[in-house]
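Build the full structure now, drawing on both the sequences and the hints.
Per this note's numbering, the sequence shown runs over residues 23 to 349.
Derived by calculation from the structure, the hints in this document are not laboratory data. Glycine is no exception: its CB is placed at the ideal position from the N, C-alpha and C atoms. Treat each hint with caution, since some may be false.
What the hints assert, rightly or not - The following label-pair restraints were derived from C-beta to C-beta distances:
#: 1; residue 1: L54; residue 2: Y219; range: 26 to 32 Å
#: 2; residue 1: S186; residue 2: H116; range: 45 to 51 Å
#: 3; residue 1: G268; residue 2: R104; range: 45 to 51 Å
#: 4; residue 1: A221; residue 2: E127; range: 25 to 31 Å
#: 5; residue 1: R269; residue 2: E127; range: 28 to 34 Å
#: 6; residue 1: H128; residue 2: G268; range: 33 to 39 Å
#: 7; residue 1: Q232; residue 2: T109; range: 35 to 41 Å
#: 8; residue 1: D53; residue 2: Q232; range: 50 to 56 Å
#: 9; residue 1: D97; residue 2: R172; range: 20 to 26 Å
#: 10; residue 1: S136; residue 2: P204; range: 26 to 32 Å
#: 11; residue 1: T212; residue 2: P249; range: 22 to 28 Å
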Amino acid sequence: MVGSSFSPPFAAIFSSPFMSPIAVHLRLPLDLERMIFEVAVEDRDSDMTALAIMLVAQRCRAWIEPLLYRTLVIDQGSWGLRLLLRTLEANPLHYARHIKCIRIEHYFARNEKSVGQLLSLCPQAVHLVDLSYGPTPIRHLALERICASRDTLLGCEPQAGSLSRLTHLHLLDPPHYWTRIPYTDLPSLTHLALQNYRADIRLANVPRIQEILQRCSRLERLVVVIPISRQQDHNARQILDLVDDGRLRILASNMSQSYKIWIECGERQLSFIPAGDEDEPRKIVQVETPLQFCPVSLRDMTTAFRKREDEKKNARIGMGGVEPVRV
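Following this line, the structure appears as structure tokens:
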């Protein structure tokens with residue numbers, strides 16, 4: 023174990039004459055040690071790994087604990103929201119700069135002051151999923167990806183350049199709002215998803231789609247999300263033929279979780295479209311199980327971690343109380 027002291031039975035193992043005393047006291051530079059632990063957490067992409075590393079030493083906890091705050095989920099029952107705000111306000115540089123993704127759940131109270139306070143403490147956030155359909159104050163954020171309604175976008179200040187870095191937008195409003203978005207204020211937009219709440223796309227929406235494709239010259243992909251239906255294929259192919267633009271995709275998905283096709287807890291999802299569709303420009307992509315966005319609560323993680331530690335303890339007892347050392 024890097025840079026840590028050992029207690030029985032580890033002391034007896036490392037006091038063996040076959041073990042060099044230099045190896046026991048060997049310590050890496052703190053910058054390198056920190057990088058190793060952070061890479062371990064990122065590579066496993068698991069909060070369980072983070073919790074385990076936090077127990078190694080106090081300095082490991084100081085390094086790894088902020089990584090648990092990468093994704094924040096705010097809902098109507100967030101009893102710990104005030105405690106979270108208090109924690110972030112106490113040491114904003116230590117925590118808030120690590121928050122990258124924020125999700126505001128359904129039915130959250132409109133104009134809730136705590137939401138604005140929380141967002142103001144997250145200057146490094148780049149992903150936002152806002153399912154509250156309310157005027158969320160995002161003008162101070164330099165977001166790169168947004169899944170939200172038109173009201174959220176109108177709550178920012180395009181003239182101040184608050185949306186200048188936005189590359190991915192998933193609009194949750196119905197078709198008659200598709201062309202009411204100030205696309206000219208989104209100079210970096212490359213991926214756009216539009217929500218169609220019917221299994222068929224009305225022919226009246228074809229001009230809207232064509233207008234968006236013409237106005238957004240930098241757009242690489244336009245996705246129209248529709249509910250999964252047996253009658254979708256014929257209508258979808260008809261729309262693709264009428265629009266006649268290789269950037270258009272039609273995505274059949276579970277509408278109750280359609281936002282999950284776009285963003286996940288990690289930062290590795292690069293586009294709306296599942297991998298493998300580039301070879302078929304007119305492909306209708308069907309997603310039965312959307313990408314998951316289900317952060318585990320700290321209580322669940324702690325319970326699972328304790329269960330795993332109990333299993334390891336029982337295994338050691340079965341081996342005579344000695345745990346094998348892995349290098």
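Exercise. Any hints this thing doesn't respect? Which numbers, in order?
Worked result: Hints 1, 2 and 7 contradicted; others consistent.
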